[in-house]
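Number of protein chains: 2
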Amino acid sequence: MAAPSVLEAMSRPLLGHLDPAFVGMMEEIKEMLREVFQTKNRMTFPVSGTGSAGMEFCFVNLIEPGDEVVVGINGVFGGRMAEVAARCGAKVTRVEAEWGRIIEPAQIAVALEGRKPKLVAVIHAETSTGALTPIPEISRLAHEAGALMLVDTVTSLGGCPVELDAWGIDAVYSGTQKCLSAPPGLAPVSLSDRALEVATHRTHKVQSWYLDVNLLASYWGAERVYHHTAPVSMNYALHEALRLVLEEGLEARFARHERNHQLLKDGLASLGLEIASQPGHQLWQLNSVTVPEGVDEAAVRAKLLQNFGIEIGAGLGPLKGKVWRIGLMGESSTPDNVEIVLNALGQTLSEAAG
Amino acid sequence: MAAPSVLEAMSRPLLGHLDPAFVGMMEEIKEMLREVFQTKNRMTFPVSGTGSAGMEFCFVNLIEPGDEVVVGINGVFGGRMAEVAARCGAKVTRVEAEWGRIIEPAQIAVALEGRKPKLVAVIHAETSTGALTPIPEISRLAHEAGALMLVDTVTSLGGCPVELDAWGIDAVYSGTQKCLSAPPGLAPVSLSDRALEVATHRTHKVQSWYLDVNLLASYWGAERVYHHTAPVSMNYALHEALRLVLEEGLEARFARHERNHQLLKDGLASLGLEIASQPGHQLWQLNSVTVPEGVDEAAVRAKLLQNFGIEIGAGLGPLKGKVWRIGLMGESSTPDNVEIVLNALGQTLSEAAG
Chain Z
93 MAAPSVLEAM
103 SRPLLGHLDP
113 AFVGMMEEIK
123 EMLREVFQTK
133 NRMTFPVSGT
143 GSAGMEFCFV
153 NLIEPGDEVV
163 VGINGVFGGR
173 MAEVAARCGA
183 KVTRVEAEWG
193 RIIEPAQIAV
203 ALEGRKPKLV
213 AVIHAETSTG
223 ALTPIPEISR
233 LAHEAGALML
243 VDTVTSLGGC
253 PVELDAWGID
263 AVYSGTQKCL
273 SAPPGLAPVS
283 LSDRALEVAT
293 HRTHKVQSWY
303 LDVNLLASYW
313 GAERVYHHTA
323 PVSMNYALHE
333 ALRLVLEEGL
343 EARFARHERN
353 HQLLKDGLAS
363 LGLEIASQPG
373 HQLWQLNSVT
383 VPEGVDEAAV
393 RAKLLQNFGI
403 EIGAGLGPLK
413 GKVWRIGLMG
423 ESSTPDNVEI
433 VLNALGQTLS
443 EAAG
Chain D
93 MAAPSVLEAM
103 SRPLLGHLDP
113 AFVGMMEEIK
123 EMLREVFQTK
133 NRMTFPVSGT
143 GSAGMEFCFV
153 NLIEPGDEVV
163 VGINGVFGGR
173 MAEVAARCGA
183 KVTRVEAEWG
193 RIIEPAQIAV
203 ALEGRKPKLV
213 AVIHAETSTG
223 ALTPIPEISR
233 LAHEAGALML
243 VDTVTSLGGC
253 PVELDAWGID
263 AVYSGTQKCL
273 SAPPGLAPVS
283 LSDRALEVAT
293 HRTHKVQSWY
303 LDVNLLASYW
313 GAERVYHHTA
323 PVSMNYALHE
333 ALRLVLEEGL
343 EARFARHERN
353 HQLLKDGLAS
363 LGLEIASQPG
373 HQLWQLNSVT
383 VPEGVDEAAV
393 RAKLLQNFGI
403 EIGAGLGPLK
413 GKVWRIGLMG
423 ESSTPDNVEI
433 VLNALGQTLS
443 EAAG
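Chains as they are written, first to last, in this note's numbering: chain Z, 93 to 446; chain D, 93 to 446.
Honestly, the hints are just simulated from the structure, not real lab data.
Bear in mind the structure is a predicted one, so any value in this text is a computation, not a measurement.
Any copy will do: because identical chains look the same in the list, a pair fits if it lies in one copy or spans two.
Capping the alpha-carbon separation at 25 Å, the derived lysine-lysine pairs in PhoX-like fashion look like this:
| hint | residue 1 | residue 2 |
| --- | --- | --- |
| 1 | 210 | 297 |
| 2 | 297 | 183 |
| 3 | 357 | 412 |
| 4 | 208 | 183 |
| 5 | 357 | 414 |
Sequences and hints are given; from them, build the entire structure.
The structure is reproduced here in C-alpha cells:
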C-alpha cells in the first residue's frame, strides 16, 4: 500500500524531464535518498526501472568479463545476483545457505581464502524467505580481501536499519514498492567513491547503455546531459514517499516495523503457527510462516484474497508449499493490518479444519 | 500532456503485480498494443523502463557478439542505436544522412551490397530533427538481404501510421510519453515470430537479465512466472491511454496530428519561419523550426517557459542553436495549443527584435 498523498502525487500534471522544477525535485530526491541510505555518497539516485534493474545496474557497472565475484545465496534473489553477475562475464563463487537461514560471515571467510575477488554480494533482507543477513562483519571480510561490498536492500530499506557508510557498503540497490511504500517502478541505488572509481575506470564499456553510470552521472549530476526520459510521475511519488519516511523518522519507522512484527508473531503463536526463518534473524517486514501439516496452502491464500481482499505470498523454490509470506511493509505495517490478517487467517484455517 | 483520466489512473490503489485483476489488465494492454502497432505479434508488451530500455531490449535479444548490423543514422537516436548495438558486440555499419533528412532506401541498398547482416535498424520518426523516414522499402531491402528489420517508433506510435505487419517490421520499440500521452516510464515493444525465433535460439545468453525476452515471455505470457515487479501504476496509465487512443480511432488521431501540423506550419510561415526538416518527410508531431539569423534561440526558449509556461525543445548535435523543436503530440496536438505557441513565439520574437 502507498500513502494517499503518494498516490495523489502520481496524478500531478507532467513536467518536462529537463524542466527546472523537475530538476529541483531530482536534487531533493537524491538528498533524501542519502538520508535514508545513511550515506554521503554523491552517486545516489533512482534508476529508471524496478529493483531488478537496480541489481543489474550494480553488476554491469562494476563487473568486467573474467572478474571474480563471491555471491551469497540463501533465496531467490541471491540466485538472481549470481545469474546477473554471470551474464556480465563474472566467474561466480556461490556461497549457499539453506533457504530461511542467513549467510554466515564464516562462510564468506572460507570463500575468500586464497582469493582476491572484485566483489562480494549478499542480500540483506531475503524477501523469498524472511531472513535478515547482518552486513557489517561480511563487509569487513570483503574489504580485507580487497573486494567491493555489494548489498541488495530491496526489502530492508525504510523498514529496518540500513547504514551504508557505517557498514562500508560500496554498492547498493533497492526498490520503491517495499518499505518506502511508493508504487513499483524505480530502483534507488548508491555507489561509494571507491565503487565509482571502479565504474569510471573500466577496460570495457559497460554492456548496458541504459544503465551505464558514466552516462547517468551526467544526467543526474550538475551537467544535466540528456540521457533518457526519467519517469516523471514515478519520481513525484518517490519524492513524496521519501518525505513521509523522513517525517516519521528512521528510528521511529524501524521501531514501528519491529512492534508490528512482534504483534504478528505473538498472534501467530496463539493460532499455533510460527515464523519459518532463522530465530534471531527474522525480518520484521516480511514474515515467513510455516504452513501446518495437511493444510492446502494455495487454497488458504485464495480464500484470503477472495473473502478478505488480503494478498499473502506463496513460498518460492524449496519453500514452495511450505510457507506463506506475510508482508508488513511501510504504510502496511500497522496494528490494524496485523489484527485483520490474524483474524482472516484464523477463520480460514478453522474453516479448513472444520 | 496526459489526459486527466490517464493521470487519474496513476493514483488508483495498488494491486499486487500477480493479482488476477492486474493480470487481466496486462492482457488488455497487450491486446490494445497489438491494435495500435497494427500487428498480430504474440510477443507485444510494455518493457518496464523508458523508451531507451525498449531500444536496449531489441538489441540485447537479437544481437550476439560478432553479428553484423546496419544502422541508419540521421539524428541523436540513430547514433544511440549504433552505440547500443556495439555494446552488444555487433559489427556496426553506419548509414548516415544529414540531420533533418531521411535515410533513403538507396543508401540502405548500397550498405547491403555483398553483405548479409543480421539486422537493419532505422528510426521512424527522428525526435531530434523532425524527419520521418518511410519504412516499407527499407524493410523490403532488409528482408531480401536476409536481415531482420528493427524500427524505433518512439515518437511516431499513435501520431502517424505505424503498420508492423504490413511493413514487415520484425522488432519495434516505442515510449509512452510521446503520442500515446501517458507519463514516461514504459516502453511498448513487439517482436515478430521470426525475431522471436532468433531471440529464443541464441548461442549466448542475453547479456541483460532484466530485458531477456526468454524470461519476460513467461512473465507476460500464460505462465505468469515471476520475473520482476511490473510498475503497476504506470500500467494503469498506459491502459487508460491506449483506451483513449482506440476510442478516438487511429485514422482520426493521425488526421488530427496532420491538421494541427499544417496549422502550425501555416502560422509559422506568416511569422516568416519555416520547418527545418526535409520537405515531404516532415513529422506532424515534432516540428523542427529554423531559428532566424541573429536570434538568441536559448533566450527565446527561456522566455516561452517563463512568460507562457510553454516548453519547446532545443536543437541537438549539429542542429544545436539552429532549430527549435515544437511538439504537438497526442493530447497536446490541438488547434488551441497551435494558436498559443504561435502567439507566444510571435510576441517573444517581436520583443527580441524590438
